[in-house]
Amino acid sequence: MIVDASVLARVVMPSQFDPKVAAVLARPGLRAPPNLRIEIGHVLTKKLRARQISRAQLETIWRDIDGLPIRIMPPPSWALAMSLCVDLNIVFNDACYLAAAVQHEDLLVTADDRLVAAARSRSDTSPRVLSIAEL
Amino acid sequence: MGAITIRNLDDEVIASLKAEAEQKGRSMEEEARVALAELYRPKFSVEEWFARKEEQFREWGWSEERRKELLASMLADLDDYKQNGPKPDDEL
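Chains A and B supply the protein sequences, listed in that same order. Here the first sequence stands for residues 34 to 168, numbered as in the numbering used here. Here the second sequence stands for residues 1094 to 1185, numbered as in the numbering used here.
The hints are simulated quantities; they were obtained by calculation from the structure and are not laboratory data.
PhoX-like cross-link-like pairs, simulated, lysine-lysine; straight-line CA separation at most 20 Å: (1) Lys80(A) to Lys1180(B); (2) Lys53(A) to Lys1161(B); (3) Lys1161(B) to Lys80(A).
Label-pair distances were calculated between CB atoms; the ranges are: (4) Ser156(A) to Val1139(B): 31 to 39 Å; (5) Arg1126(B) to Phe125(A): 34 to 42 Å; (6) Gln49(A) to Asn1101(B): 46 to 54 Å; (7) Gly1095(B) to Glu167(A): 37 to 45 Å; (8) Arg155(A) to Ser1109(B): 34 to 42 Å; (9) Asp1173(B) to Ser110(A): 26 to 34 Å; (10) Ile1097(B) to Ser156(A): 41 to 49 Å.
Which stretches of chain A does chain B cover? Using the computed rule of at least three CB atoms under 8 Å from a CB of chain B, they are: (11) 35-44; (12) 86-94; (13) 99-107; (14) 123-130.
Positions of the beta carbon are idealized from the N, C-alpha and C atoms, including for glycine.
So here's chain A without its partners, still in its complex pose (with noise of 0.2 Å):
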């Protein structure tokens, strides 16, 4: 199973128990693109940029990170990514999650319900993708 940004976010930054959470990290093997740590790094900079979050709680908060079982993937094929970029009218990121999870037959689990409602539009990406919500 493959995981993006937007599912990730929810796990650094839980509720008290969020269910959604618990089901993603009691998933096997889960993994993901290279730009998973990039966009997560940006936002938590943003916050400390904001004074929202401490340099220590950023530097906790990014050490914990390596501590989730999610491994990083190689690059996924950029041809694959542009294409499904430009065809479903999506931005490149996330393009890059669902080429990774279309390149390995795996399934990207994201919650951006545009994203989902994107690679639904089409048989061969639609069985690719489902919504955190639908765990």
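Following the hints, complete the assembly by docking chain B onto the known chain A.
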């Protein structure tokens, strides 16, 4: 502490491992040990993860409301980043 022997490694992999080890001033064995530990060290279970977060957030004085606010803010920033990319005021 256990030990394993890895056979049939490509020469290119060995050369790359040697170069990386030399650059860091480590033996090849130490470099391989660190790389394997990085990839396969024990991960948090679901229970451990929630317990860890509870302890951290309590220490930091973060209420449930504060967590929800931060998550909503992170998701909004994530969406903005995906749609529009980084902005000048995001830089240090």
